[in-house]
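Engineer: The primary structure of each chain is shown beneath.
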Amino acid sequence: MSRQLISVRDLTVRFRTDEGLVTAVDGASFELKDGEILGLVGESGSGKSVMAKSLMQLNAGNTVYGPESRIIMRDGENGGEIDVLSLTSAQDLKMIRGGAISMIFQEPMASFAPAITVGDQMVEQLLLHTSMTKRQAKDFSIEMLNRVGISDAEQRFDQYAFELSGGMRQRAMIAMALSTRPKLLIADEPTTALDVTIQAQVIDLMKDIVAEFGMAILFITHDLGVIAQTADRVAVMYLGKIVETGSVRQIIQAPEHPYTKGLLNALPNLDDLGAPLTPVAGDIPSPLERPSGCVFHTRCPQVIAGRCDAEIPEIIDLAAGHSVSCFAVPPPVEASV
Amino acid sequence: MTGKPLISVRDLSVHFSISGPLFGPKKIVRAVDKVSIDIAPGTFFGLVGESGSGKTTLGRALLKAVPITGGQIQFSDNGVSFDLSELSKADLKEYRKRCQLIFQDPYAALSPRMTVRDIIAEPLEVMKLTSSREETDERVREIAAKCRLNLEHLRRYPHAFSGGQRQRISIARALVCKPRFLVADECVAALDVSIQADILNLLNSLQKELGLTFLFISHDLSVVAHTCDHVAVMYLGQIVEIAPTKKLFATTRHPYTKALLSAIPHLDPDAEKTAIKLEGEIPSPINPPSGCKFHTRCAFVQDRCRNEEPSLVVKDDGHQVACHFADELMGKTG
Amino acid sequence: MVDTPSTVDIADDVDDAEAERKAKEAYFTAGQYALIWARFKRNRSAMVAGVILVIMISMGLTAPFLSPYDPNIAGRDETYQNGAPQIPKFWDENGFSFRPFLYTLERKRSAATNFRWVTTVNKDERRYLYLFVKGWEFNIIDINLDLPGEDFDFHWKALRVETHLFGMDVGKIHLFGTEAAGKDIFSRTLHAIYTSLAVGTIGVMIAFVLSLMIGGVSGYVGGWLDGVIQMITDAVRTVPVIPLFMALAAMIPDVWSAETRFLFISVILGLIGWPTLARRIRTHLLTERAQEYVLAAKLCNASAGHIIRRHLLPSFSSYIIVDLVISFPYMVLSETALSFIGLGLKDPVNSLGVLLQNVTKVDVLLNYQWYFIPAGFFMALVLAFVFVGDGLRDAADPYAEHGQ
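So the sequences go chain by chain: D, H and X.
Read in order, the letters of the first sequence are residues 1 to 337 in this note's numbering.
Read in order, the letters of the second sequence are residues 338 to 671 in this note's numbering.
Read in order, the letters of the third sequence are residues 672 to 1075 in this note's numbering.
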C-alpha cells in the first residue's frame, strides 16, 4: 500500500493584474500517492499549469493564495509534513524546488539555458541539491543521459541545447529532472510539442522511470489519448475547478461530469471515421468573466436553470475513488446497513 | 478521380541552400523532393508528416510563398488555369485572389494593432475586390457571420479573443476574398480538443457551402482521418503513401504510416499495445539517407532499401505507395 | 424586520453590472494607445511627472507672457544689479493688504559713502503688484532667421501683444533676483526653458527622421545593405562629442547671429543622436517583418508600402514615442553642457548653459546664490521628462507578456 505523498487542499490562486484580481484556481483539492501517475486534464485557461507551479511556489510575484489553501507534502521517512505554501525562506524552497519536486516543461528549448552546455546545467543542479563532487556529478549525469535513451551520452553531455533534436532535448530535460531523485515529477505538457512517434517513446520512458524509481508523476496535458495510456488516475479541470476525479478507467469509460463527457465526445475516433465531431458548445469564458454558480453552466448540455447558475456544486463521492461535482449527477444512494 | 484536378503537382522540388563553409560546397536542404500529387476540386486533401517532413514547405510552395526549385504546379478552375512554375506578376496577383493560407498560430497570425473588421477587410482592400466601403463592410459582415463572429466582435482588437476565436477570425480573413483553394497549415494544432472539433466542423460546413478545396496539413492522423477525403503521408520531403482516407486506415501499406498509426495513443487504456515503435530520430534533411529515406528507422529494412530509392507506385484504385516491399508487408501488423 | 431587496438595490446591482460590462467592452475595443494610456495612468510617479512636465512646457511656451520684463539688455534694471530675489508680501507692521506689495528701494551715493551706491529700504513706500499689466511688447509669431548669406534672411513678426501676467505699478519686481547687468533672472529662466525646448525639439526631430529612414531601410531590406548601414551607424556612434564640438565651435564664423548658431547646434545634436534610435527601429523591423501576419498580408498581394504603413509602423510607433521622450532630456543636457563650456550658445541668448556660465565666478558663489535657481528648474524639467519616459516605456508594449 503506497503512502500518500502530497495532498492539495482547497487551493485557490489569484493574480493581481491590470484588469483586477483574476482567479486562476478556485478551491481545487486532490491527492497523490508514491509511484502514482495522476493525469491533470484541462483546456487552456483551466488553471492546470498554475496549479502545478503552485506546488513549488513558482508563480509570479503578483500571486495571491487563498487563506484556506494548503499543500501538504510528506517530509522525510518519519511521517513529518510540511505545507509548501507556508514556506518563505529561500533555503526551504530550494529543498522543494528541484530537490523533492522536479518539473519538466512543454518547450524543452525554453528550459535549457542556450549559452551553457547541457552537461553543465545538469551538473549545476546536482551540485545544488546533493553533496556530490563535480567529478561524481558528471559521471552520474552521463549515466542518467544513458538511462533516458540518449545515445552517445558522453558526446551529448558537452553539447548545447540547440544542437539536440526536440525529442532528445525532452529526454535530456527528463534526465536533468530525475537526477536529483525527486519524489514528485511534474510534467507540464511534456509531449505536446513532440511528433507522435517521439511522443510514444517519451511516454514509454516515463512509465519505465516510475517503475524503476518509484516516484509519483503529475502529468498535465490536454491530450486524453496520452492520459489514457499513461495515467493511473485522472483529475479533470475547468476554469480553475476540479470537476471530476477518478481512476483512468472510470473517467474514460464511465465519465459522469458533462464536461468530461463533452471532451471525450469531441475527440476524433479512429474506429468510426464517419461519426461527426461534437465539440463542447460555446467558448471558454475569459478569466475576467467567471460564471456564477457552477463554472461550467454556460456551456453545459445538462444545465438545470435556477440551480446551476446560482449554487456551486459540492464534491460527491461516487464509487471508490471516483468523485464529481455536478448537480446533474445523482448522488449515490446511501447503503442502508 | 473524375474531372480535372484543381491542383496538379508534378515532380515538385523546393531546395534551400544554407551557408556552408566559406569556400566549400553550399549545403542544400531538400525540403520537398520530387513530389507529385493531384488535388481534386471540392475535397479535403490531407497532408500528414512529422517535423522535417516538408509538409509546410509544400503547402507554401502551392501558394508561391516560397520559390520553386524544380517541377510543375498546375492550377485549373473553371476555365482559368495558371502554371505556377512560370507565373507573370499579373498572373500571380490573379492567382492570389483564388488561394489563401490559414496559419497555425492564432496568436501570431493576426495583427494586434488592427481591429477585427480591418483584419478581415484587408484582403478586399489590398486586392481591390470591392468598390466602396459599404460593399467591403457588407462582405466582412457576411463572412464573419458564417464564422460565428458577431458585429460586436468586429469592433474589438485581437487581444480580446481566445485561441479558438482568433482562429475563426483567421479563417474569415482567408475566406473573405472568395478563394477556391485553401491551405490549412496545422490550423487546429494549437487549439484544445473541444475547440479543435469546433473549428473542424466549421471548416467542413464552409467547404460544403462554398465548394472550397482544402489542402489540410497536419501531424495529427486522427484529425486528418476525420476531416479529409484523401491523405498523403510525407517523410523527409517525399510522399511515401497516398490513398483515400478510409483505405489508408483500413489497409495501411507503408511501414512509416503503420508506425505513425500505431504511435497514436489509444483512448482505451486496455487496448492491445500494437508494437511498432520507431527507433531513433528523423534524419537531417541536409544529409538524407541513401536509397529509401526511411530505411534507417524501418523495422523491415532489406539491402535493396539501402541502395535503391523506391518510387510512388499505384497499387489498386487510388492507393499509391513508395516501398519496395509494400505487397509483401501487406500481411504484417498495421 | 424582514430584509426584502428593494428596487433601489436591484437598480444598483444592474448599474454595477452595466458599468462592469461597459468597462470590459472598453478593454476589448481599446486600441494600443488606449491600452498604453490606461497603463500609464496607473503609474503614479509618472502621472505626477507628467503634470509637472505639462506645466513647465506651458511655462516655456508662454514665456513672454509670463515674464514681466524683456530678458535681454533692453529690459534690464540698472538700479538693481545683482539684486536678491524679491518676494511680494501681504502683511507688515503697516497693515494688511490684499494686493501683494514690495518696498521701495532708494539708492544714494555721495562722498560720504565713497561714491558707492548705498541702498536703503523704505518700508513706508509701497509698490503694488498688478495682474495683466501692460509691459514690454513682444510678438507671438516672431521668426528671425539671420542665416549666413543675404538670400536666407527671413523675418516675420506678427500678433503684437503687450500684456503680461503680472507687473508692478512703480518700479520692477524680480522674483528670482537679477544678475550682473540687471537682467531679470525670472524672465531669463522662462525664456531659457523655451530655448532648450526648441533646441531639444529640433534635435530630436532631426534624429528621428534620420533614424526612421536609415533604420527603416536597414531593417526592412536586410541582407548586405543592412550590414553596410550598421557599420556606418557604429562609426557615427563612436564619434567623440566634445572634440567634435570644439572643432565645430572653432569653425563657426563670428558673423553668424545667435539664431543661426542655435539652429546649427540643434542640427548637429540631431546628427549625432540618430544611431541609437536607428538601431532600435532596425531591430524591431527585423523581428516584425518575420511575423505571420505580415506573411498573410503578402499573400494578399500587399505592397511593401502597405505593409510598412499598416503593419510595421503601428507596431513600433509606441517605442518611437518612448524613445523621443527619453532622448529629449539628453538633448537638453547636451546643449546645456556645451553652452556651459562655451562651445554652444553664447550670451545674449537665453539658455540654461548660458545662464550657468555666469555661475563659475567665486563672487557669485559666495554672494549671489540666486543665480542657481534656474538650475533647479531644469533639474525638475529633466527629471519630469525622465519619469514620464520611464512610465511610457513600462506601459509601451501592451501586447507583450507583462510578468508583473
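Quick caveat, the hints were computed from the structure, so don't treat them as lab data.
Predicted, not measured: the structure shown is a model, and the values here were computed from it.
Hints may contain errors.
Said to hold, decoys possible - From the structure, some residues in chain X lie toward chain H, with a derived Cβ separation under 8 Å: (1) Ala967; (2) Ala968; (3) Leu970; (4) Cys971.
Even for Gly, the Cβ is constructed at its ideal location relative to N, Cα and C.
Engineer: Hey, does the X:Ala968 contact hint survive, CB to chain H under 8 Å?
Structural biologist: Check passed: Cβ of X:Ala968 comes within 7 Å of chain H, closer than 8 Å.
Engineer: With a cut-off of 8 Å, does the beta carbon of X:Leu970 approach a beta carbon of chain H closely enough for the hint to hold?
Structural biologist: OK, holds: X:Leu970 within 8 Å of chain H, min 6 Å.
Engineer: Can we keep the X:Cys971 interface hint, with Cβ of chain H closer than 8 Å?
Structural biologist: X:Cys971 check passes; min Cβ-Cβ to chain H is 4 Å, inside 8 Å.
Engineer: For the hint on X:Ala967, just tell me whether its beta-carbon gets within less than 8 Å of chain H.
Structural biologist: 6 Å, holds
Checked against the numbered hints given earlier, the structure satisfies every one of them.
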